[in-house]
Amino acid sequence: MAPPPHYEDASERKSSKIVALSVLGVLSLTLVGIWAVAEANDDDDDVTADCVLYVEGDAYSSTPDPTATPSPGTSTPPPGSYQVVDDSNCDDDNGYRSYDNDGYNSYDDDDNNGGGNHYSSYRFNNYGDSRGAYRWYYGGTRQGDRVSNGSTYRPSDVNINSRSGKEIQRGGFGNRSSSGS
Amino acid sequence: MRREHGTPRDDWEKIIEGQGLAYHRAAHPSGLSRPYWDESVHYVLSMEEVEALEEQVEELHRMCLGVVEHVISTGRFAEFAIPEWAWEEVARSWERRDPHVYARFDLRYDGTGPAKLLEYNADTPTSLVESSVVQWFWLQDRFPGDDQWNSVHERLVERWRELRLPPGPIHFAFTNMDETGEEAMTVAYLQETAEQAGLQTMAIAMEDIGWDALNRRFADLGGQMIRSAFKLYPWEWMLDDDFGRQAVRHSTWIEPLWKTLLSNKALLALLWELHPGHPNLLPAYLGDPRELTSYIAKPMLGREGASMRIVTPEGTQETPGSYGKEGYVFQGFEALPVFEGQRPVLGAWVVADEAAGLGIRETTGLITDDTSSFVPHRIAD
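Keeping their order, the protein sequence lines are chains Y and V.
Going by numbering that gives the first Met the number 0, 74 is the number at position 75 of the first sequence; the sequence numbering is gapless.
Going by numbering that gives the first Met the number 0, 27 is the number at position 28 of the second sequence; the sequence numbering is gapless.
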């Protein structure tokens, strides 16, 4: 569609100088429900996460995980180890029950991924709170039902998968009628 | 402001469909004698009227932002029926000044006095394509060289250009449940304006947005992280949805969470409380109509003119609908003015924080609902 001519007094006008409509192709494509699906970002490093339960004074462990005691004001935990449990124990459905250690810096993991600007004060992940609770353990090495040499800190700029793969829940938005106003 | 008549362009239906108004039949109830897009009439406003309206719109917008600041500083979230768990996140969205793009004031205006605010559609405004695009091309065809209060398109492009968004594509989310195509076209049009601003974009249905619990991020169908998304899906529904608690803390959403305070009719009562007697406001109250003898009861979270009740000494009139469980706002009732038997309501567009254009819808009834028709306008003396 040819753009309209420019006018000499355009700076005084209240209307757009030009309305380019390459939009039409996009509109049509969208209306028939076709959209491009971008290739997954393959630049990320993959890190495996295990859902674990911290077990105190466990024979499997000779040294505590140094990253498991970041909270100021709490004592160094006794030696222990991380027992791998079913992933479903670590599912965080409500966004508030979280024992990820990235809560210590009071910033949400979006920032770790370089993408967001949200922060949180809801998390209270000192060691005492998380002891005995299920949590994710990143980049560990499995030996039997124990995992070590990893971290309970959520690593940044990586793609995290559980041993059973990555499950993305869908359908949490929508299923309503007209939403414009 | 006056109403004039003209001959519709030959093949006007094909023309407007080619300009994005594919939904002009589907979004309009069947059996009406008038099409949704009606170019057999148009309104003419003077430049003085437009410039005065621009000033009033921008003042109203500033006042609305003042209400947001007031609600957050005083913690009056409950009066907006916002769930308590989201209060702090609404406040943070405002404190961060999460980016906003556009909105539409609905105004009562008869060409003689100040415009009166009816409501502010600041979260999910539609009738955008007909305002920004279709009436602009109508003007070029019918009154080449004339002017129109409508720089919406170029202001949208400029707004996208100046936003500081996270890296990666911005996703544009529509709903699969929209059977008319109006929302899909509105979203696609906004997506096009973002692309013209140089942004990388991707379309997705709200229903297809995924939550990656392990990585704690939203994901599209390809598994790619959704860092930012435009959604034509109201915040009050998002907060009520299964992903609501994640949405308030993850991804950058446009329009932002703080706009849930503006798209709520409780805004009208707070505006009147903070600016009593302001010439651009009608008296409005929460809870009960107080001294008002003629008023309209608006559901706080109603849409498209549904579930409203007009009460006057002469009688009561209601529109059907299922909204209102959150409560009502009672606003002083002034009937829309009549121009040749039709009642126009002015939809004044705001892009970023500036007045950007006008779209006019007409109805024969007192409430502008989905039976209304869109008519173009131009500026002339």
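Simulated from the structure, these hints should not be mistaken for lab results.
Where a beta carbon is used, it is the ideal one built from N, C-alpha and C, also for glycine.
Mixed in with the good hints there might be a few duds.
Selected chain Y positions facing chain V (in silico; Cβ < 8 Å) [claimed, not checked]:
1) Lys16
2) Thr47
3) Gly79
4) Pro154
Just the calculated beta-carbon pair ranges, DEER-fashion [claimed, not checked]:
5) Asp9(V) / Asn174(Y): 49 to 55 Å
6) Gly364(V) / Glu11(Y): 47 to 53 Å
7) Glu178(V) / Gln168(Y): 24 to 30 Å
Computed far set for chain Y versus chain V, every beta-carbon distance over 12 Å [what the hints assert, rightly or not]:
8) Glu11
9) Arg12
10) Ser14
11) Ser15
12) Leu20
13) Leu52
14) Val83
15) Ser147
16) Ile159
17) Asn160
18) Glu166
19) Gln168
20) Gly173
21) Asn174
Next item on the list: Take a quick look at Leu20(Y) and tell me if its Cβ sits farther than 12 Å from every Cβ on chain V, holds or violated.
Entry: 7 Å, violated
Margin query: For the restraint on Pro154(Y), tell me whether the closest CB of chain V is nearer than 8 Å.
Written below: 10 Å, violated
Checklist line | Cβ distance range 47 to 53 Å for Gly364(V) and Glu11(Y), holds or violated | finding: Between Gly364(V) and Glu11(Y), where Cβ atoms are some 38 Å apart, the hint is violated.
Next item on the list: For the hint on Thr47(Y), just tell me whether its beta-carbon gets within less than 8 Å of chain V.
Entry: 10 Å, violated
Item checked: Consistency of beta-carbon spacing, Gln168(Y) to Glu178(V), with hint 24 to 30 Å -> Taking Cβ atoms as reference, Glu178(V) and Gln168(Y) lie about 26 Å apart, which means the hint holds.
Next item on the list: So, Lys16(Y) near chain V? Judge it on the closest CB pair being under 8 Å.
Entry: 7 Å, holds
Notebook entry, point to check: Just checking, Glu11(Y) versus chain V, shortest CB gap more than 12 Å?
Noted result: 8 Å, violated
Check: Should the interface hint for Gly79(Y) be scored as holding, given a Cβ-Cβ cut-off of 8 Å against chain V?
Finding: Status violated, d = 24 Å.
Notebook entry, point to check: Far enough from chain V: is every CB of that chain over 12 Å from the CB of Arg12(Y)?
Noted result: 5 Å, violated
Checklist line | Check on Glu166(Y) being off the interface with chain V, judged by Cβ distance over 12 Å | finding: The claim is violated: Glu166(Y) sits with its nearest Cβ about 7 Å from chain V, within 12 Å.
Next item on the list: Take a quick look at Gly173(Y) and tell me if its Cβ sits farther than 12 Å from every Cβ on chain V, holds or violated.
Entry: 4 Å, violated
Margin query: Using Cβ atoms and 12 Å as the threshold, tell me whether Val83(Y) really stays out of contact range of chain V.
Written below: Non-interface label stands for Val83(Y): nearest chain V Cβ at 15 Å, farther than 12 Å.
Of the numbered hints stated above, those contradicted by the structure are hints 2, 3, 4, 5, 6, 8, 9, 10, 11, 12, 16, 17, 18, 19, 20, 21, listed in ascending order.
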